[in-house]
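What follows is the residue order along each chain.
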Amino acid sequence: MANKRVTIDPITRLEGHGKIEIFLDDEGNVDKAFLQVPELRGFEKFSEGRMAEEMPRITPKICGVCPTTHHMASGKTLDDLFNVDPPPAAKKIRELVNSAFMAEDHTLHFFFLGGPDFIVGPDAPAGQRNILGVIEKVGLDAGKKVIEIRRRLRDIITKQGGRVIHPVCNLPGGVSKGVTEEDRQEYIQTGKDAIDFSQFALQAFSDIVLENERYVNIITSDVYLHHTYYMGLVDEDNKVNFYDGEIRVVDPDGEEFAKFDAHEYLDHIEEHVEPWSYIKFPFLKNVGWKGFVDGKDSGVYRVAPLARLNASDGMATPKAQEAYEQMYDVLGGKPAHNTLAYHWARLIELLYASERLLELAEDEEILDPKIRNIPTDTPDEGVGVVEAPRGTLYHHYKTDDRGVLTDVNLIVATVNNSAAISMSIARAAEKVISGREVADGLLNLVEMAFRAYDPCLACATHSLPGETPLEVRVYDHRRELLQTLTR
Amino acid sequence: MKTLVLGLGNPILSDDAVGIRIARELRKRVDGVDVEEGAVAGITILDHIQGYDSLVIVDSIKTGKSPPGHLHVLRPEDLDCVTRPSRSHHGLGLVRALSIGKRMGYDLPDTIRIYAVEVLRNDEFGEDLSPQVEESVPAVVEAIASYLTERQ
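Just so you know, the protein sequences line up as chains A and B, in that order. When the letters of the first sequence are read in order and numbered with numbering that gives the first Met the number 0, they come out as residues 0 to 486. When the letters of the second sequence are read in order and numbered with numbering that gives the first Met the number 0, they come out as residues 0 to 151.
Extracted from the complex, chain B is given alone in its bound form:
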């Protein structure tokens, strides 16, 4: 089975980088899966995930309802409730990107799991995570690593 871990975020935008941080840690920990990182979104995500059987997305999320550092483990459908038709400059949500991809005949992963870490600051430049987000990193890495091990 071909598995991709995709850490998403902007490495120079404070907490937005958490997905990338976690991907880098995972790369040291797990074998037999591809680990990529980047700041892709919308439809371009399809270009990176096609050809894989299983996909793990690690990203930041700002629900404002959970404390910073809280881990949300989601399936794409779970995001459906918070997504709405896009004003579509470049911001197409993951769920819509996936459904479009399927209709267009992309070879997309059967299993997709999203690990989203609640963040505090993602609108100012900086290379450090907020302390609460920073502290959550080892546990999230552990959670993803065990999930990957179980599946192999």
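Isolated chain A (complex conformation):
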């Protein structure tokens, strides 16, 4: 097929290279668009032959952005691999650490990365759409609150995780460190303050975004709309859970389509491969791959905050539940298909993570010194699933009977969203590309489209200088360069 190609290509790589390519058809209109998420090149091979117990220490290093979540998924996979159930206190400690991480990471995204689009304004120059622009809008005191609460949430991860950046607390059958009463009191206070902070963030979102008709129109516009399936972990009451439960999938009408245990993930998820790309596009096997299209007949599904809320029947904590109901009231019911509502959902999850953190810290069982069951079974295969800030994260290991890894498969959070992200970029690009002409605003529209997903292009490197400038390359249908746009 004759087509043209637009590429948005960061020159340097900090957290991997996310390259955006936009293919035009022979009429010069958008055909498809793709975000190239870096593959974990060689990670499986790197892991094979190692002892499975090393994985909770190795996998956090895949990613500079969500090490804690990989540590959690890996710990759960080892429990399953060695067939050992951690004692209640150990599970609670893990969930406490995970909740602190979710709250910290969502705060980072909203205030530093995604939020500036709204708080500062979608039309503001790119140079102002950052945390400084946010502070000008919400005040310096608010900026200090952001720093302070993130520091205290991170303190919990550091104390329980044992390390500043890459936690090392999870072992097959439990954790390596219990909670002291002194620390528990500190965590309780942090939980309370995190709840206040979350409510402040939701209020700011309401005042600045929801009170502004133009912003609401952007959120609800068809530029940022896709009717897809949604996936997320839920507890026994179908409430959102980040650490444990079953995976639930709802269809574009919000009806339950599937609910399954981690072990069954391969019965439900398949990966589509395009010849021109090394990215894999997971889709729902039992719906089938119909291309980069939405609707009930297309197996494209979405994960991460809005998807989790759509895939659940509610939030397990009272204040978050209230915020959940309010969001769906404003957006006109469930499921909400508006991609930009991911930002709102992220704040509701921030509130949930904070409330859950407090619940866990207030539960005295967390002080129980029994924090590990020693594995005695012969290992063979294990699967572990958790919710990462950016979506459902799957770890799957196979070993020989000595526990030496023979096969490793990971589906990292952002990869689940890869088809949907591509569709969102294409939709945004369609608005400004017509008959080979690229109108102004492509970078802004595309940026807002993919940033809502908080895509983690991490899973990769870190070399200086550490910026990923936005560059767009336009190719004609013979794939020859027509135009380069750079920010």
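Hints listed in this document are in silico derivations from the structure and should not be mistaken for laboratory results. Ideal Cβ placement from N, Cα and C applies to all residues, glycine included. Hints should not be assumed to be uniformly reliable.
[What the hints assert, rightly or not] Examples of chain A residues toward chain B, derived with CB under 10 Å:
1) G41
2) K44
3) P59
4) I134
5) G142
6) R149
7) I164
8) H165
[To be verified] Subject to a maximum C-alpha distance of 27 Å in a straight line, what follows is the list of computed DSS-like cross-link-like pairs (lysine-lysine):
9) K143(A) - K101(B)
10) K1(B) - K158(A)
11) K136(A) - K101(B)
12) K158(A) - K27(B)
13) K176(A) - K369(A)
14) K144(A) - K101(B)
15) K295(A) - K279(A)
Based on these hints, arrange chain B on the given structure of chain A.
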């Protein structure tokens, strides 16, 4: 004076680990300074460096213009020329992170020096450095150790 040496990089991503390798060597060599290692970037670096008077960052760099193993000694301003507004998923450059940190009232180091080692391979998993990068490690350790000694 409170000094932090921060070795940056990914320990399982070939040459990307060079900053961490050097930090580990320095930890054995120097007293009176804190030596940390990690894979932090962007704004989160502020969380680790606040409260220090002096900061030494050890990292990998890929300019493609120097031979692998070449040591670039830089100040944050020197990186300014190669940084541009970020597409900002999580990739905020050091210079912008520092300027944001200052504006937000973080207590940041007055002196920052960056030791960046030119690398060859930083996009594949592996625990070994390229031979040229490996060979450069002792000299870089020596250079940083003398800088730290001079300042104390």
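>> Name the hints, by number, that the structure is in violation of.
In response: Hints that this structure does not satisfy do not exist here, as all of them hold.
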